[in-house]
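Spelled out, the chains give:
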Amino acid sequence: MSLTIPSIHYLALLPVLTIFGAAVVLTVLSALARRPLRPAASLAVVLAACVAVLVEGFVQWSYVADHGATTTVAHAVVLDGFAVVGTVAVALALALSALVVYDWGERARVFGAEVPVLALASSAGALLMVQANDLIVVFLGLETLSLGLYVLAGVDRHRTGSSEAALKYFLLGSFASAIFIYGVALVYGATGSTNLSSIAYFLGTNVVLRPGLLYAGGALLLVGFGFKVAAVPFHQWSPDVYQGSPTPVTGMMASIVKVGAFLALVRVLVSALGTQLDTWRPILYALVIATCVVGAVLGLAQRDVKRLLAYSSINQAGFMLLGVWTGSAAGAAGTLFYVLTYAPVVVATFAVVTLVGGVGDTRHAIDGYRGLARRQPWLGGALVVLLLSQLGAPLTVGFYAKYAVLSATLRSGGGALALVALLSAAIAAAFYLRWVMVLVAEETEDGAERVAVPRATGLAILVGVAVAVVFGVWPGPVAAWAQHATLLFLP
Amino acid sequence: MIATAYAVPSILVFVTAAVLIVVGALGVLAVRNPVHAALSLILTLFGVAVAFIAQSADFLAAVQVIVYAGAIVVLFLFVIMFLGVGFSRHDHVEPLVGQRPLAALGVAVTVGGIIALLASSHWVTGATSASGSSLATGTGNVHQLGTAVFTTYLYAFEATAALLVIAVVGAVILARRERATEEAE
Amino acid sequence: MAALATLILLLPLAGALLAMSVPRRASERAVGSLTTGVVGASFVLAVAAFLVLLHHQHREFSVHLFTWISVGSLHVPASLLVDPLSITMALFVTGISALIHLYSTGYMHGERDFRKFFVYLNLFVFSMLVLVLSGTLVMTFVGWEGVGACSYWLVSYYFDRDSAASAGKKAFLYNRVGDVGLLLAMFLLFSRLHTLSYLSVFSRAGQLSPTVATLVVLALLLAATGKSAQIPLFNWLPDAMEGPTPVSALIHAATMVTAGVYLLVRMSPVLALSSSGRLTIAVIGGVTAFVAATVATAQRDIKKVLAFSTVSQIGYMVLAVGVGAYGAAIFLMVAHAFYKALLFLGAGSVIHSLHGEQDLGRMGGLARYLPLTYPTFLVAWLAIAGIPPFAGFFAKGDVLTNAYLHDKFLWALGVVTAVLTAYYMSRLFVLCFRGEERFRGVTHGADPHESPWVMTLPLVVLAVLAALGGVIDLPWAHGRSLATFLHPVLGYVAPVVGATTATQWTLAAVDVAAAVVGLAAAYSVWSSRSSDSRYEWPFLARVWHWDDAYDTVIGRPLTRVAGVAEAVVEPRVIDGAVAAVAGAARHGALGLRKAQSGFVRHYALATALGLCVVVVYLVARVG
Amino acid sequence: MHSSWYLAALLVVPLLGALGALLAARTRDGAYRVAVGASIVELALTLVVAFLYDPHVAGAHTLDFATRHVLAAPFGLAYDVGLDGISLLLVVLTSLVLCLALLGARDRRREPAFVAWLLVLTACTMGSFLAQDGLEFFVFFELTLVPSYFIVAEWGGAERARAALKFFVYTFTGSAALLVGLIYLAVAHQNQVGGPLTFAFGALAATTLSHGTAVWLFVAFAVAFAVKSPIWPLHTWSPLAYAEAPTGGSIELSALLAKLGSYGLLRVAVGLVPLALVDVRPVVLTLAVVGILYGSLVACATPDLKRLVAYSSLAQMGFITLGVMSGSAIATEGALLLMFNHGVITAGFFLLIGFVERRRASYQIRDLAGLQGPAPVLAALFTVVMMASIGLPGLSGFVSEYLILIGTFTTHAWWAAFATLGVLASAAYLLWAFQRVFHGRAQGPNEHLEDARRAERWVMVPVVVLVVALGVFPQPVLNRIAPSVHQLVAHEIAAVRP
Amino acid sequence: MNVPAAWYLVLAAVLFGIGAYGLLTRRSALIMFMCVELMLNAVNLTFVTFARTLSDIGGQASVFFVMVVAAAEVTVGLGIVVAVFRRRHSTSVDELTEMKG
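Residue numbers (our numbering), protein chains in the order written: chain A, 661 to 1151; chain B, 30 to 214; chain C, 69 to 691; chain D, 148 to 645; chain E, 6 to 106.
These are calculated hints, taken from the structure and not from any lab test. Hints may contain errors.
Stated by the list, open to error - Pair ranges (Cβ atoms, derived):
#1 LYS662(C) to HIS638(D): 36 to 42 Å
#2 ALA190(B) to ALA648(C): 55 to 61 Å
#3 GLY864(A) to VAL340(D): 28 to 34 Å
#4 GLY691(C) to GLY864(A): 22 to 28 Å
#5 ALA700(A) to ALA190(B): 53 to 59 Å
#6 LEU267(C) to PRO343(D): 37 to 43 Å
#7 HIS151(B) to PRO942(A): 46 to 52 Å
#8 GLY691(C) to ARG92(E): 47 to 53 Å
#9 ARG507(D) to ALA652(C): 37 to 43 Å
#10 ARG507(D) to LEU267(C): 52 to 58 Å
#11 VAL719(A) to ARG92(E): 43 to 49 Å
#12 LEU568(D) to PRO556(C): 33 to 39 Å
#13 THR74(C) to ASP598(D): 32 to 38 Å
Stated by the list, open to error - Not close to chain A: a few residues of chain E, all C-beta gaps over 10 Å, as computed:
#14 TRP12
#15 VAL15
#16 SER67
#17 HIS94
#18 VAL98
#19 GLY106
Just so it is clear, CB atoms sit at the ideal spot from N, CA and C, and this is done for glycine as well.
Could you put together the complete structure from these sequences and hints?
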């Protein structure tokens, strides 16, 4: 029995290799260096890797546009538009997060290359997820992503919340992982493969008369994904973890995890289990409603902005789930557009929160923002724009994100669902606006000190705001891109 | 009935494995001392290894014993020792009202449901292997497994690299930060 | 003719605008002569127009000014209709207005807002002319509302007096109720006939079903009751006496309050279609005449007596309209304008001489001190009391005769009212000019002075008119009389039966007898006393508790409802629903927060239970 | 057909003005001057456009200055503008109200952000009125929330936080249904005719819908517009927001933004799903009448002037709704005219209340009395505006109200008859308020109240002129809007016909 | 002939359930973590059973990866537990309720 190594299309693997390579390079460098690596050096490596990935993404896109979607390494990896867009989103979020981490690390006295290395490795996990065409690869990507974040959540030794967040995240995360992999096992039993293409082929060519096994597997997979994207009722880790984690890490959780998990979810659910869509949709329906409403309602009661943003991101996840619920190309495109645009915006939001949080990363009470927009119009204004985008105000990209998933939902006949989701957005508007209100309020007499805006973080905020505004005014290219990407993924 | 349908040894093996697994698992659940829990865990792991062998997964059984029992549980024990044994206080009292009944109910219904679903589809519905060959045992098993890992699962195999790097770096960070803080203090 | 009619209309407007824009330091004299002059000129032009009309074949001129509103089928041109009816109205409106303008220059001397007063007065004349000259119902409505607004401003002229401010508001609101009637009448007519110009409405009136015609008539009646102070909307007029006396004379006696009668007469071709509507009108008119007359007997304020007298007299006019005697109505309107304006101006002269005192109890014996006011007032008194040969006798006689032919009961009511009229007017006359002098307290012992010539000249002119006004429509002068002149434009209502000459004489005798009875009664009671609660029944003094009833039935409940709406319904019910939703969200949040307990095992449990639900669903789905 | 660049300029000028105001913020009064300059340019441009507007572009087609550019094909997003008779008056109103709001905000002239927000708000509103595409309309419609929110939140009264939040969330909730409805309709249209997704009004209006669907869509649309207008009983955000907003903000909210609601009701709800009218018309008409009477009733009892105007607006918007929903061209034209007139009149009210507030730091009725004595000019100006609002013939309010009532009477007599009572009611609460504030004897601080200054008088000149001019010569305006209205009503009648 | 796959599958499901129940009821982070290992073993058993029934080595290969993941998780997880213990001198998760709401 001779061993034939499967052919490898390296273009498809380049982003993962680049990001993971950067992680390895950094590890080696920091191990070799006598003193802790200078943050600027780590930042340079991360940014270089991200830029490289963006360039690779461009090359991949043109390749896909010319040749269509392909799979490689024994069909475990897929190179399609969907994956390319996901890759770009992850790289963008990583780059912005790295900028924030850079400044934060200096202030929080977290030196060395550990945080960048973990960030890189986690992102590599996310990349694995977005281009995975095999449930095992999805699982490995998920674990890579999560393990890095478990550690990152606890990386801030100066706050007790950080270690609490790490342990909570870890315990619940491994519970969810176990559920997920059990689901993989059952799906494997039901279809005879863990490969998404094979599963799709099996389900496409066979009529599953007794789908119980498949259902059980799918349910477990859904719950696993639901945990990662913080869908209600699997969301409860997220407020605590968001609050406890170092703020730049929270930004990564809200962006990279969502990109990876949602894209993988769409791929699994729509492309592999697409034939069983009618079974999953009622579950997703309930998930969407619960997620939207609980996220919005609980956000109302928050006085801590990080928790508030956690619930905000739960609410947003509900909208992203809408696109999944449709199970259609339009819905997938909508979700893609959503995560792609949400990622930079939320990273930038957490960047502002990082700055305001101060040296100890503790000042997250909403009252700490009193008069910020009057004191520092640019910083406050940026935050206002970012919040408006998450709220879904027109002329910010958030509006089109919501629009994209809603129109897909309506195409699939989900009028009531769309309405509920939008109404939850109206409830959510209340807490975003309360924050905005605090921002524009008159200052209190003691006059809080100015928040310093370091250059790198400032750049990250700027990019986030630019994404929110530019694509809010001119969403055409991104919309077309997302749509095209989906067409290249679902024939 | 059973005896007529199946060879007695396979039943024996199954029962052995099942007893090992269940007793071990319940042990993990019930004992107060974490060291005992870890030992119960080993019991389960052995039971699983037995089940592996019974189902022609010889190599995995070996790995199970070596990696799980030999490495993972040892790691557990190491940490337990490191932290001190007597740390588990009042674990028999459930402070969260309703947690146990709800957990029991939820888990029972879920597991029951999953079993029902499995039963409803006659336990397996997937296509049989494309190669059509039945699983080999012994060295053949290792060979088959190796082939699969380096063909079908090549990418997953490579991806584990990232996972392990994370694990290592993460552990190092968690440990080193500890030291750094102590120094600072 | 077009230019003439336009000028008649525009002169007062120009006067108002000019007076508004003259510099603040302009003298009273300049403002007074400007505003009086334009109204005078208007009068002269009206006379000219009247003469032209008199010698013209058709006696109907439509003057199209400009297209005001034209939308779809709704065409509302700003157009004038000059016909005998409108020109008659225009004549006496401009004439009396000119006189009262002149009078006001004296009466209002030294007031703070002298100029504003005359601006309003000119605006009023303009609006009144729009009302009477308009060629469409809509333009009539414009004038109708315009006079209402001017009335509001002029009644609340002394705005720092709460009573004046309230009276102005009350006047406007009561009028507004009537306006709703006019609007509804217009809507009904437009929805059926698709036109609102008088001539087209009249020519198409036959298309109206009897029900609609009756509805229109009732709506018009509502309008008339508002503007002309008839039951049930009459009680704003006495309050309107809070305005300066010339205003009471002009607006609340001679001109504006007769607009309702004018409207009814103008719409007589529609009235002709509904006998039940007309009967309602007649009853309203007759009852109002009676009720107001009873009230007038018990008032102590000189202007209030005159105000209720006005209501009562207009009641006669409405009665006349109701019985189809449109000519009689107009006749009485003109005659009434003369003597009632005279009465008010005379009263104003008295009040002027007594430094603003209006209480009859503090007058008496003034005849000696007011050598011009006294005789002119005497003429007016006799005229309104119905003593021949003064104008009132003929005019009222005409109305009563028609009423007699139509309905004996209404006639009887009219006669009783006539007795009361003679009684309360004599009471007023006696208390004011005869008897002992009770005014020394007011004048601090000084003698009252007669008013300046600008005030007495109008008195004299009006006295002449009041004395001789009857000639315009003497019963035996058919041919060139007012009735004949008006006849072409009036809707034809068949007389029940013709009156013989003997009947006419008898009726006239009854009228005279009624007047004499009233006169004698008043003299016998009031020449020797100045107040007596036996003859000033509080029920009557309180206007039959009419205001109180409105207050109890409408005013206070509405206020309470508004208060409840503002304080309870709005914040608790409607906004309460919103607040409840918000509160539910907040409470939901608090409840859900409890689930977010911080215990990691709770979170795991939630995940497990979520999974459990999903599995149960799938088991159910598999079956 | 005129060039669409005019309309683009209408959208861009205020934005440039806002930018310029922010840039000129350093110099004293610079921002305010730039803003006033921009508003004057905008107004001039608007008047040019209104003058050039040709109601008969091509036969029955009444859309002038039109153009369409697809911006994001997957979203069906397009820049699609045009001007017809229905938008015409409102476009003019937008520019006009901007000028008035700026003039009314003279005491805020040191705050560049405030004037910038006003300008941005103008651009958004202008966009809503010019949009000929559902999604574009929605974007602009929704976008108006942001500047108005900040205007109330930053510069409002003591309860500004609550007011702004309530305003935003209330209207945002309402528009949720609108967005869902619009997308649904567009998708239905695409499913019927194929081709790319489009939201163009013209296309959407041609969608064939079942009766039930039409009703649901109408309700979805109407909820958003009912909140914005506001239509009873979805109005409770408005008294709070109007009262708490600064003068400029109150003017924008009541004079302009409210019109977005009624405009939307006409253009989107009636215009796109007229079929639903068969069922919903009685309901909406009833709500309108209830609004008229209820608003008047509460206005009688309300203790402050701004809330009074808010409730009066509720009543007036009831009239507008009545006209819009009547199915009569006469009433619809009246409604459009009333949108404009009510804008001018309320702007006048809020300006005057602003003047009073500037002097007495209060707009509570109980704090004011006898103001006519010390301030006769102020009283006179208030009288003019009040009389216009009451509907005194010769002033603008009458023409519009009259057209609405008479038009509605021809189609729905009972509702019109009850609405006519509103004519009475408006006189009641306004005169009573006027009496309490201006009549009587002034005492205490009211005694020496300063009369309207020269600048303040000049601010009121345009209001008075418009109030009189449109009362006396409304026909030129009516002529320009008539063809579009007739087209719309004809479409409606054709759709409703069984 | 072997016992039916169903037996093993049920066994695995029960093991999974016991693990889950343990995770929900034990308060020591370490033991909760052991319960996760129980659950992963249940998964492994399932994989192997399916591999047998399907005659497909893929199931066994998957077990391989699950084990790697388990190892990696243990490394990181125990690191976190130790870190937390250092701070709080307890592994009871019930004491980690600083953040809630």
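Here's how the hints hold up against the structure:
Separation of LYS662(C) from HIS638(D) is about 55 Å and departs from the stated range, judged on CB atoms against 36 to 42 Å. ALA190(B) and ALA648(C) have their C-beta atoms about 58 Å apart, which keeps the hinted 55 to 61 Å range intact. For the pair GLY864(A) and VAL340(D), the supplied restraint of 28 to 34 Å holds, since their beta-carbon distance comes to about 32 Å. Our hint of 22 to 28 Å for GLY691(C) and GLY864(A) holds, since their Cβ atoms are close to 24 Å apart.
In this structure the supplied range 53 to 59 Å is violated for ALA700(A) paired with ALA190(B), their Cβ-Cβ distance being about 28 Å. Take LEU267(C) and PRO343(D): their Cβ atoms lie about 59 Å apart, and the range 37 to 43 Å is violated. At roughly 25 Å, the beta carbons of HIS151(B) and PRO942(A) sit outside the given window of 46 to 52 Å. At roughly 52 Å, the beta-carbon separation of GLY691(C) and ARG92(E) lies within the given 47 to 53 Å, and the hint holds.
For ARG507(D) paired with ALA652(C), a C-beta distance near 40 Å keeps the hint of 37 to 43 Å intact. For ARG507(D) paired with LEU267(C), a C-beta distance near 54 Å keeps the hint of 52 to 58 Å intact. At about 47 Å, the beta-carbon gap between VAL719(A) and ARG92(E) stays in the expected band of 43 to 49 Å. Separation of LEU568(D) from PRO556(C) is about 38 Å and conforms to the stated range, judged on CB atoms against 33 to 39 Å.
At about 37 Å, the CB distance of THR74(C) to ASP598(D) agrees with the hint of 32 to 38 Å. Separation of TRP12(E) from chain A is adequate, the least Cβ-Cβ distance of about 14 Å exceeding the 10 Å criterion. Its beta-carbon lying about 13 Å from the closest one in chain A, VAL15(E) satisfies the requirement of being farther than 10 Å from that chain. Some Cβ of chain A comes within 10 Å of the Cβ of SER67(E); the nearest lies about 6 Å off, and the non-interface call is violated.
Against the 10 Å criterion, HIS94(E) stays outside the reach of chain A, whose nearest CB is about 12 Å from its own CB. Against the 10 Å criterion, VAL98(E) falls within the reach of chain A, whose nearest CB is about 7 Å from its own CB. Against the 10 Å criterion, GLY106(E) falls within the reach of chain A, whose nearest CB is about 7 Å from its own CB.
Hints 1, 5, 6, 7, 16, 18 and 19 from the earlier list are contradicted by this structure; the remaining hints agree with it.
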